[in-house]
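Heads up: the sequence lines are chains A, B, C and D, in that order.
Heads up: the first sequence at position 34 corresponds to 34 in full-length UniProt numbering, and the numbers run straight through without jumps.
Heads up: the second sequence at position 7 corresponds to 7 in full-length UniProt numbering, and the numbers run straight through without jumps.
Heads up: the third sequence at position 157 corresponds to 157 in full-length UniProt numbering, and the numbers run straight through without jumps.
Heads up: the fourth sequence at position 278 corresponds to 278 in full-length UniProt numbering, and the numbers run straight through without jumps.
Treat the hints with caution; some may be incorrect.
[Stated by the list, open to error] Derived pair list, reagent style EDC-like, types lysine to aspartate or glutamate, alpha-carbon separation capped at 16 Å:
{"#": "1", "chain 1": "D", "residue 1": "K21", "chain 2": "C", "residue 2": "D53"}
{"#": "2", "chain 1": "B", "residue 1": "K102", "chain 2": "D", "residue 2": "E82"}
{"#": "3", "chain 1": "A", "residue 1": "K102", "chain 2": "C", "residue 2": "D53"}
{"#": "4", "chain 1": "A", "residue 1": "K102", "chain 2": "C", "residue 2": "D220"}
{"#": "5", "chain 1": "C", "residue 1": "K417", "chain 2": "B", "residue 2": "D140"}
{"#": "6", "chain 1": "C", "residue 1": "K417", "chain 2": "B", "residue 2": "E31"}
{"#": "7", "chain 1": "A", "residue 1": "K129", "chain 2": "A", "residue 2": "D7"}
{"#": "8", "chain 1": "C", "residue 1": "K21", "chain 2": "C", "residue 2": "E60"}
{"#": "9", "chain 1": "A", "residue 1": "K102", "chain 2": "C", "residue 2": "E60"}
{"#": "10", "chain 1": "D", "residue 1": "K417", "chain 2": "A", "residue 2": "E44"}
{"#": "11", "chain 1": "C", "residue 1": "K417", "chain 2": "B", "residue 2": "E106"}
{"#": "12", "chain 1": "B", "residue 1": "K102", "chain 2": "D", "residue 2": "E83"}
{"#": "13", "chain 1": "C", "residue 1": "K21", "chain 2": "D", "residue 2": "E82"}
{"#": "14", "chain 1": "D", "residue 1": "K277", "chain 2": "A", "residue 2": "D7"}
{"#": "15", "chain 1": "A", "residue 1": "K19", "chain 2": "D", "residue 2": "D351"}
Worth flagging that the hints you see were computed from the coordinates, not collected in a lab.
The primary structure of each chain is shown beneath.
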Amino acid sequence: MTAQDLDALYQEIILDHYKNPHGKGLREEFEAEVHHVNPTCGDEVTLRVHVADGVVEDVSYAAVGCSISQASASVLYDLVVGKPVAEAMEIHEEFLALMQGKGTVEPDEEVLEDAIAFAGVAKFPARVKCALLSWMAWKDATVQAGGSND
Amino acid sequence: MTAQDLDALYQEIILDHYKNPHGKGLREEFEAEVHHVNPTCGDEVTLRVHVADGVVEDVSYAAVGCSISQASASVLYDLVVGKPVAEAMEIHEEFLALMQGKGTVEPDEEVLEDAIAFAGVAKFPARVKCALLSWMAWKDATVQAGGSND
Amino acid sequence: MTTSSGLRLPGLLPELEVVRKDFPILERVLAGGQPLVYLDSANTSQKPQVVIDAMVDHLERHNANIARAMHQLGAESTAAFEEARDKVARFLNARSRNEVIFTKNATEALNLLARTIELGPGDNVVITEMEHHSNIVSWQLACERSGAELRWFGLTDDGQLDLSNADQLVDDNTKVVAFTWVSNMLGTINPVADLAARAKAAGAVSVIDASQAAPQLVVDVQAVVCDFLVFTGHKVCGPTGIGVLWGREELLNELPPFHGGGEMIETVTMARSTYAKAPHRFEAGTPPIVEAVGLGAAVEYLGHLGLDAVHAHEQAITGYALEGLATVPGLTVLGPTDATQRGGAISFELDGVHPHDIAQVLDSRGVAVRAGHHCAKPAHARYGVQSSTRMSSYLYTTPGEIDALVEALEYTRSYFKLGS
Amino acid sequence: MTTSSGLRLPGLLPELEVVRKDFPILERVLAGGQPLVYLDSANTSQKPQVVIDAMVDHLERHNANIARAMHQLGAESTAAFEEARDKVARFLNARSRNEVIFTKNATEALNLLARTIELGPGDNVVITEMEHHSNIVSWQLACERSGAELRWFGLTDDGQLDLSNADQLVDDNTKVVAFTWVSNMLGTINPVADLAARAKAAGAVSVIDASQAAPQLVVDVQAVVCDFLVFTGHKVCGPTGIGVLWGREELLNELPPFHGGGEMIETVTMARSTYAKAPHRFEAGTPPIVEAVGLGAAVEYLGHLGLDAVHAHEQAITGYALEGLATVPGLTVLGPTDATQRGGAISFELDGVHPHDIAQVLDSRGVAVRAGHHCAKPAHARYGVQSSTRMSSYLYTTPGEIDALVEALEYTRSYFKLGS
Ligand SMILES: Cc1ncc(COP(=O)(O)O)c(C=O)c1O
Ligand SMILES: Cc1ncc(COP(=O)(O)O)c(C=O)c1O
């Protein structure tokens with residue numbers, strides 16, 4: 001990859017979230033906790049969800065990983081907390097589609113906000129797993145918490 | 001291989017032994033019986049040895065196999081029966097050396113008699129096993145019969 | 001000379017001469033100036049240039065380890081490997097690419113199943129008497145380890161599975177029914193969908209050995225409705241060192257791991273480990289990467305020719321061969337003699353000449369066939385035969401090559417001085 | 001540019017520029033016009049032209065199945081395959097060619113042993129904390145199956161095996177002591193002859209994982225006096241899809257069969273089978289033929305260069321790399337830092353940047369390294385490290401490439417805005 005590709009991958013927004021992650025830490029109120037691992041590199045996330053009345057009240061997490069995986073957890077927090085579970089799941093779907101689109105999917109800023117910065121990641125198959133680590137953990141935890149049965 | 005190679009392989013002597021094998025059949029007097037198989041093609045020999053006073057009194061056998069394996073059993077019979085075990089083992093060694101020589105060993109007609117016709121076989125690795133099937137069985141049986149401990 | 005037969009059989013691949021040019025080895029001249037007449041394709045197929053080129057390109061330009069490597073070569077190599085999985089998934093019409101596991105060969109794929117499907121005393125495994133040793137010994141060993149019972153379908157005199165006692169054989173205690181799609185010795189094509197349905201009805205899993213089917217038939221795992229299916233790379237124009245285990249995804253994920261090692265894990269501590277899902281769970285260690293690339297190119301090549309066209313060619317050649325062989329005095333074909341009901345491997349006996357000797361004389365004329373038990377000793381024993389000679393054609397075989405075989409068989413008879 | 005460093009380190013391979021020309025991929029230009037700086041050879045080595053050519057020649061001119069085929073191509077293919085066995089036997093200084101078994105990779109070789117060496121409750125298996133997952137999970141699974149206990153040597157702070165409790169670990173109930181010769185993460189070279197002697201004294205068998213040793217050290221199984229040793233083809237300039245299990249002949253012939261299938265049998269009936277001796281007993285099915293040919297060419301290539309010369313080169317480059325890495329602020333090397341006491345894989349951490357991110361930035365400069373746990377999670381855990389970046393050189397690595405790595409690491413620091 002070239003220097004331009006590198007800059008497309010490491011957008012300022014991503015590096016900002018990496019340096020100052022939102023919502024980081026494990027908080028006490030939660031209905032489900034999951035632990036996910038990226039088998040290739042060993043990156044890990046422990047993630048808790050707190051859902052009440054069909055609304056994502058909190059997502060708290062402890063994670064070890066690269067800039068992409070850390071930033072994506074931070075962006076996840078921003079995007080889903082406070083949203084009804086159903087809407088949060090739709091955002092999840094949209095982010096998944098963006099990541100699996102091999103760089104061909106045009107992100108919708110209305111829905112994905114800061115997460116549109118991850119569009120560049122989709123071109124690097126090896127890094128897609130990093131970006132999805134906490135998102136997959138969140139979905140898993142939310143389903144376990146009974147917040148969604150889809 | 002060429003037509004000449006073919007004729008070098010299928011010497012008249014071999015075809016004669018194949019059509020009229022000497023000593024064929026399983027006879028009652030024996031100290032040891034073995035069953036050997038060529039795993040590649042399934043050819044088999046059941047072979048019995050009768051040894052008395054250090055002399056190979058009889059070698060009797062039932063075999064299913066190709067012309068080379070049948071003829072070599074017949075030649076084995078001619079060469080070892082009536083000989084002291086030690087001498088028969090030397091003939092065995094000599095035949096083995098000829099077969100494993102990849103066509104470079106000059107056979108000694110004094111010792112090997114008709115078996116010199118197998119010199120051509122040594123050039124065909126796939127057929128060496130055929131030529132050795134009954135010879136290996138004979139050695140195995142003779143050792144089991146206590147006729148030789150080498 | 002062998003490729004210039006004027007004959008134009010219906011069903012032959014269009015542009016057969018052009019197709020043959022795809023296979024460099026077919027231009028090989030053997031000792032004594034004999035052109036090669038390769039009739040041993042059921043043993044291993046020859047490789048088209050595209051397969052060789054794909055492998056060379058990978059080795060010369062993209063070689064890297066996969067999955068674990070994050071650099072450009074690693075990404076290219078991983079993409080090439082995983083694309084091969086997609087190609088194989090399409091070749092089999094698999095529901096998901098996760099159902100395709102790369103193994104070393106068909107034998108490893110069968111042994112993987114025999115090692116991981118849980119068996120115990122009281123259980124039984126049903127195979128058939130026409131299996132390749134890989135689909136016999138693997139289950140014999142599994143039954144010895146577990147105390148399960150091994151049962152098998154016998155064969156009828158005309159080379160078919162004897163299904164008369166099927167209801168007794170496959171019962172409530174049957175855990176596995178494993179059978180070949182096409183026999184590598186008799187050529188018989190088995191009713192695989194029926195057998196798979198029978199297994200399902202009994203609550204057993206079906207395992208299809210498609211090693212001889214994949215080269216010449218459309219293999220559609222969804223149409224057959226089976227549970228597991230295996231084939232081997234080197235018989236479908238691919239390289240050695242690679243085979244395929246296909247399985248229904250949910251079943252694969254229920255099986256315990258096979259080998260322990262890199263890439264099959266989720267996490268490892270000294271005390272214990274957890275495992276990835278299929279396909280990675282079953283691909284411990286560095287997989288056959290360049291071999292997968294070659295296999296991907298091979299199944300794509302077959303796809304371009306069209307499996308239907310390949311099958312029609314095989315049937316045309318097989319019919320022509322059966323006719324030709326029938327003209328040789330003292331020759332008896334083992335297995336079905338109706339070309340439309342069988343695969344392209346034809347085993348036969350020739351009165352008065354041992355298969356080794358036949359193969360040797362044929363070889364002196366450039367005609368390459370197999371002699372022996374073809375890793376199917378029980379099927380030979382069933383017909384009271386020690387060993388046989390087998391000719392097997394493939395998509396590049398010409399009627400002229402069959403003519404050369406028949407002439408060489410006549411020559412064999414005269415060489416061994418058999419009267420006519 | 002990366003290969004033109006004026007530096008002339010003592011110990012480098014003579015004519016390094018000429019040697020590099022043997023490897024076509026080293027001329028590869030990556031995205032953005034970057035020349036390739038391949039420092040991921042402990043993951044997989046690149047392939048010299050002679051290896052690729054040997055494989056192509058086999059596929060284009062000699063391809064046939066082995067052992068079973070009696071025709072000319074079959075004889076040629078069999079001879080090529082068995083010659084490869086001879087070459088590997090020489091490479092290892094094996095007493096007999098029968099001691100060389102071709103497997104799929106090192107992982108399969110280790111799992112073959114873990115599946116066939118008899119273990120039971122009360123027995124124990126001793127490994128080490130620095131093993132590759134293949135030499136951990138294989139034995140974990142074997143212990144779970146058999147009820148045997150898994151034990152391991154810990155590691156000292158400076159990356160060596162902690163042998164202080166060796167007498168308690170290896171006791172009368174120890175059946176297997178399995179350990180790596182060279183660590184793929186720490187680079188540590190273990191005292192293999194001592195460990196093998198310790199196993200022998202306790203009546204256990206020794207299993208050496210030489211996957212990282214075979215590429216760069218003289219491996220002499222008679223000098224080490226061990227029982228089993230494995231390595232993998234793709235790390236010694238050979239292709240994927242092939243590995244080697246070496247074992248003492250009498251021990252191999254005492255092991256039960258591994259996979260059931262073609263070529264491993266003596267005779268087969270439906271009810272039971274008997275088995276061939278080593279090596280065939282353990283080579284069920286069509287083996288990796290063209291891969292063996294490639295591996296044979298690879299070890300012959302290494303033999304021509306001379307393993308001593310390759311080792312000297314590796315030490316020179318490793319020393320130079322350790323010096324270069326020491327100049328990068330915030331960089332910590334994991335494992336021994338004396339180049340004469342270690343192999344050529346150097347794992348390190350860089351304060352403030354995750355290994356994934358390092359590898360990514362390095363890749364944008366054409367520098368290929370590995371990031372992650374390198375299939376050695378327990379060794380990472382031992383040092384409290386989640387993952388690391390690993391550079392690994394080989395016989396074609398130049399000092400200029402090490403310079404490029406060090407520069408790229410400096411660039412990484414500035415890219416992630418780390419102060420100096
Ligand atoms: C020390 C060590 N052992 C075993 C292996 C496994 O080799 P393979 O993946 O080829 O089976 C490797 C390489 O990955 C290794 O470095
Ligand atoms: C029907 C059948 N099954 C299994 C095999 C085994 O294939 P492989 O030797 O590639 O594992 C073969 C070919 O030898 C075969 O013909």
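Status of the hints after comparison with the structure:
1. D:K21 to C:D53: Between K21 (chain D) and D53 (chain C) the Cα gap is close to 20 Å, so the pair fails against 16 Å, i.e. violated.
2. B:K102 to D:E82: holds, 15 Å
3. A:K102 to C:D53: violated, 27 Å
4. A:K102 to C:D220: Violated: K102 (chain A) and D220 (chain C) sit about 29 Å apart, past 16 Å.
5. C:K417 to B:D140: This hinted pair is violated, its Cα atoms lying about 35 Å apart.
6. C:K417 to B:E31: violated, 39 Å
7. A:K129 to A:D7: violated, 19 Å
8. C:K21 to C:E60: Roughly 24 Å between the alpha carbons, so the hint for K21 (chain C) and E60 (chain C) is violated.
9. A:K102 to C:E60: Violated, at about 26 Å.
10. D:K417 to A:E44: violated, 25 Å
11. C:K417 to B:E106: violated, 30 Å
12. B:K102 to D:E83: holds, 14 Å
13. C:K21 to D:E82: Violated. K21 (chain C) to E82 (chain D) sits at ~30 Å, over the 16 Å cutoff.
14. D:K277 to A:D7: violated, 60 Å
15. A:K19 to D:D351: Within the cut-off at roughly 14 Å; holds.
Checked against the numbered hints given earlier, this structure breaks hints 1, 3, 4, 5, 6, 7, 8, 9, 10, 11, 13, 14; the rest are met.
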